[in-house]
Amino acid sequence: MKDLVQLGTTWWGKSWIKAMLKYGRFYRMQRGINYTKEQRISNVIIKKGEIFALCQGTAPVPYRVKIEFTPIVREQWSQVIQEMGQSIEIEAKLLSGEMPQHINKLFLRKGVPLFPIPKQNLDATCSCPDEEVPCKHIAAVILTLASIFDYNPFMLFLLRGMSREELLTELRRTSIGDLESAETQMESGQDFTEISQIKVHNFLTPNLSQLHQIEFDITKNEFKNSVFYQLGIPREIKSQQFALFMEEIYRTASKQANDVMYHTHSKISKEKNPKKE
Amino acid sequence: MKIYPELTFIPLVYANSPSCDLIIFTQQQRRVHPQVKDPFFVMWLPLNLSEEKLIDSIRKTLPNFPVTKSLTCHINLAYPDSFIQHKFAEEMTLNSASMIIGKTIAKIIPLDKAIYFLTELPLLTAISIEQLNCSSSMYFWSLMTKLALQLVAKGSYIPIIKRIESDKLDSDFFQEKVGGMQAIWRPILKTEKDLQNYMRIQEYAPLSCYNVPYSNKIVTIHVESISQEVKMFYIDDGNNISVSSHLYSISLLSRLFIESVVDLVVRKSITIENIDDTVSTPWELRLIRGLLSSTKQFSIYEVKEEIIPDIIDRWSQRLNLSWDLGFGLKFHLETPQNAKKEWRLNFALQSLSDDLIESSLQDFWEIFQGNNKKIMQKNDALSIREYLLKSFNVLSRIFPPIALTLKQQYPNEIYLQSNDVIILLQTGMQEIRSYGYSFILPESFSIGGSHRIQPVLLINGETPTSVDSMSHIGDYTSFDISSILSYEWVLKIGDTILSEEQKEQIFQTDENQSILFWNNQWIMVDKRELSLFHTDSQLLKGSIKGETALKLALTQNAYLKTSQSEANGPYPVQFYGPLEDILKLINGEIEIPYSPQPLGFNGTLRNYQEVGYNWMKILTSIGFGCVLADDMGLGKTIQVIALILSILSQKNEKRNFLVVCPTSVLGNWLRELHRFAPSINTVLHYGPDRAKEIDGLHNLLQKNDIILSSYNIVRRDISLLELVKWESVILDESQNIKNYKTKQAKAVYRLVDNTKRKIALSGTPIENRVTELWSLYHFVNPFLLGTRTQFMKKYAIPVGRLGNETLIKELRNLVNPFLLRRMKTNKDIIPELPDKQETEVYIQLTEEQKYYYSSVVSSMLAEVKALEENAKQKFLQKGLILKALMQLKQICNHPDQFLHTSMEQIRKIDLNELIAKSGKLERLLELLEEAIASKSKVLIFTQFKVMGDYIQYVIEAFYNIQIPFIHGGVPQEIRTTIVANFQDDPSYEVPILLLSLKAGGLGLNLSKASVVLHYDRWWNPAVEDQATDRAYRIGQENKVNVYKMVVEGTIEERISKMLEEKRALSDQIIEVSGEDWVSELTFKELREIFQFKGESM
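First to last, the protein sequences are chains A and L.
Throughout the first sequence, residue numbering follows this note's numbering, covering 171 to 447 in sequence.
Throughout the second sequence, residue numbering follows this note's numbering, covering -3 to 1093 in sequence.
It is worth saying that the hints were derived from the structure and are not from the lab.
Mixed in with the good hints, there may be bad ones.
Said to hold, decoys possible - The list that follows gives simulated cross-link-like pairs (lysine-lysine, DSSO-like), each with its CA atoms no further than 27 Å apart:
{"#": "1", "chain 1": "L", "residue 1": "Lys403", "chain 2": "A", "residue 2": "Lys280"}
{"#": "2", "chain 1": "A", "residue 1": "Lys218", "chain 2": "A", "residue 2": "Lys236"}
{"#": "3", "chain 1": "L", "residue 1": "Lys264", "chain 2": "A", "residue 2": "Lys394"}
{"#": "4", "chain 1": "A", "residue 1": "Lys394", "chain 2": "L", "residue 2": "Lys879"}
{"#": "5", "chain 1": "L", "residue 1": "Lys805", "chain 2": "L", "residue 2": "Lys846"}
{"#": "6", "chain 1": "L", "residue 1": "Lys879", "chain 2": "L", "residue 2": "Lys861"}
Please put together the full structure from these sequences, using the hints given.
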């Protein structure tokens, strides 16, 4: 059991597997472990209440897997989101694409299950000859989902009936309820707009004199200040060569920008002129 | 008004739309609606003139750009309709302007070509608008280009993956998906400064740089202004013009442009050939390939890889991306009153377009409670809210106490223990700043603040004392820039230097501790910065060259080397010992010792002139050269004459002065020297008879104090002149060496080593012309600005093209102590000046003029003499004299006027040759240059229509502008328009108005002019005065400078003198008699008056 749960690295990834195990048939679930680790699952598509995926089994053509869950109904979602909107911390996490701490408790408080609750058997099909559910392939898909949710918790919300966009839009609506009325007030106000005159030859000459505050700083910049250095490499990228290439690009481009800026004569490269078609 | 080519950025989405109707002409064919792959610029002319005119105009603006190689096209652009119907200089005042779409002839300029000429354009911080030789749209795009390059230089960009095909996932579940994706470099406006620049530049975008319509309907621009008092939030973007959505918005175009340029420069900077785009290549390397190849293509081969765009997207999420919000998050740390209290960390929203607009988060959040009166658009408010929430979430990972902000109703101030503050200052602050948020320390903790321990460079100024012979000047000794001085780095807090004991005390505390409670207050100490003081105090002492020490002291930016590559700074620099006084003196911190004007000075220096004289005296005595750059008309020459006289009064040795000036003012110098210091012996080193050998020169030097020569002669005789040890070389009109490459500048530089006092006089405000500054200072104080190459890299380009403020300040600090410039408009400095100053400007005849002059005079005299006997011929005689008088005046003006050369012929003469034919014309242009440089408007009067035509042509050709000429043939209504433009139109840019004395002498109000030039003399001073009074009248806010041009040794000078005398007695006599009185003179008097006296010089 621990083996299976460990396939998720976040609390929600782990919780997903735990929830799935509540459907029972632990032994059959365990058969999916190797396929998951061998990354035989591909073409995963998650929709509201539905999962599709391909699993490369022993046959040359991958098996098609489809799993269905009953999504959370709209009204319940609204209640949950209403509750989420009470905390700027939760909002901040969701906006940053992170799963807020203990968000499952918030769902529980509202009596809404974040993870599917087994009422009957798992509603799943697979194109393999094994009639039993879950077959090896269905199990592998379920286990693979843990790592997908780990990376992108919004996929879990999507499966439960709410896309990221919908969630954020609704969240927004709750947190700014009063803004609408403020805006109406603003539009009817008359004290701040007034038509004035301009001269049409502003078309060519705007008021450039106010541009005196512009200052540029193009100097040999240290690689340390670059965005790449600050961000480091995404954790998903394992290639060392990638980092080396990127560093070289950032260093060379910085020098190139300096060369362009500090050139003293218009040097127009000899390539052919515009490159059309 | 000058017409420059305009530059419009054409995004792909427009280029490939039917409404663009792009037609490209290549040599072989005409391509209608080509499929365009990269965005580009089009260059076009406002009036949609012919292709030839366009090419011509581009050539003039961008001489190095191979315009013939670029393709011509027809493209639809939007214009105000009035702009087509009327001439565009014409004033139109409207509430809203209708725009029409016009097919425009344009040149296609690819971005990779454009960035080169766009980066070369100077910034308006470095030059004035008049000097900007390009359209405002081109200027706008040059700013955007520089911003984009800055982002590349700083590494402010990240790779992104852009899907270019719609997601087919939903429609066909099992279809294999091979991504149509592009790998692109996306710029990031990371710092507050970048964002501010980005917003500010956009605020001043002229419509002509984004007149890109997005449909071919008629466009109406509604011009509205929002006059609401702007406190924190406002609806519009602040430029008071909102353009209806029929044009692509400038913010979209700017963004697309910056994205294109950044991607272009980064992509082209490197080529990698050994990565294949195949399944077997790891996707990371395929991404690199996509980022560097010109196709930008990035393909996904495995379904697992679908996550890649998200990975890349998430990568950058940690950065502060408030690109479009207009506001950024700002941190304020506040020091507590005592050791026990907590520190307050406060947050604010800072407007990115206006430093003064800042809002507390509480105020901002009230918008969502519905009780905030400050107005903001809903979407803006929402975006800012989300930006804040995301920011606090990210920052709480950097500095965990920030998480507290999100536990409240809205993110609000938090209170910190000093332990947390130590951590915050140690690492958190750096990181927060590096993500682009601004973090404000308590002021006393910042560099230079009173509660921060920081290094100071102390330079011992005791050593280099060599007693100068001019001890009477004061207690100052001369400064030898090649002497060696010793220095030491010390630590200071406030004004106190830390003792060894105190240092010990500080370094005893934990190495990372950044704040200390010390003497009852919190102080900041960055121990990493100060580690050298702890570990390696031997490295803190050393010796330094005098000139380096002086430069450090002037710029106050010493750097302390901490390791092989790293240096910290800038830190302040202090002198002690006698040099401290010298430094204070040249920095104007202590008063210049006063000495009265020298004995034998025939005149009275005004107060400010006395100041100038003493300033030059003390500076050159200490050993520095100097530049006197007073406005024209303030008497630079006499200040220098007083100085020469004063130096000569120390009789102990022979001192020789070399005065170099343009040929046209040689006479002026002689005259002024003679008038103000008759005791000085001056010899003119000019003409074929000048000394050619060193012996002859020495002979002259023995007998004379001043050698007066022209730039041309100095250039030719430099091998001779450089042998002399000069007490002083004085360059008048020193803009003559503004181009360091010219032979005359190079010649002058050869005099530097052998000259004790180097003085330059200039009437133009040189401090704003960076490259010319070097040329001048290379003569005055060569050590200050280094070699030309060093100077270009270190100052000229960063200051001129990039507007680097730190360097501008540094350069000013270096240069200003040796520069004295008083403006005539400054009544505080020059209160005693009359409001009108009349100056006679003396000019020499050219050889050609002299020839004609003599022949006219001799033939006239011969004829008059022949008629002398016969009293009845008096009438004829009178006619002859008046005719000759006229001819002589014409010759003085220009030989071609005398020869009646037609305008058609005039245009065929080489412009420089035409100017060089008349000393007067040459001088006129010099005077104009000075006047324009001091931003004066100028009236030029001549009594001859023909001469007026010549002048108009020459000025127009020389400056490439159109100037109006009011003469008898100009209808009244046009005169009125000209005058109205000149007087009241702030956007009317031509500062010169030409008038014929008769047509322009009466009735016009031209009070905006503050310089009046009389090109030729009228015998009646009242007529001249009337003309002068066009400018010198009620409404005049400035002092009026009147220049009367007089050709030396000619009838003009004689009459000028006579006028002066007579006027002193009674203006009436001459006023009544007009020119006739000349014809009443006796033959002897006539000869006296007419005969050319040039030889006497």
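Hints versus structure:
no. : hint                : in the structure
1   : L/Lys403 x A/Lys280 : 21 Å, holds
2   : A/Lys218 x A/Lys236 : 13 Å, holds
3   : L/Lys264 x A/Lys394 : 22 Å, holds
4   : A/Lys394 x L/Lys879 : 82 Å, violated
5   : L/Lys805 x L/Lys846 : 51 Å, violated
6   : L/Lys879 x L/Lys861 : 15 Å, holds
Of the numbered hints given earlier, the model fails hints 4 and 5; all others are met.
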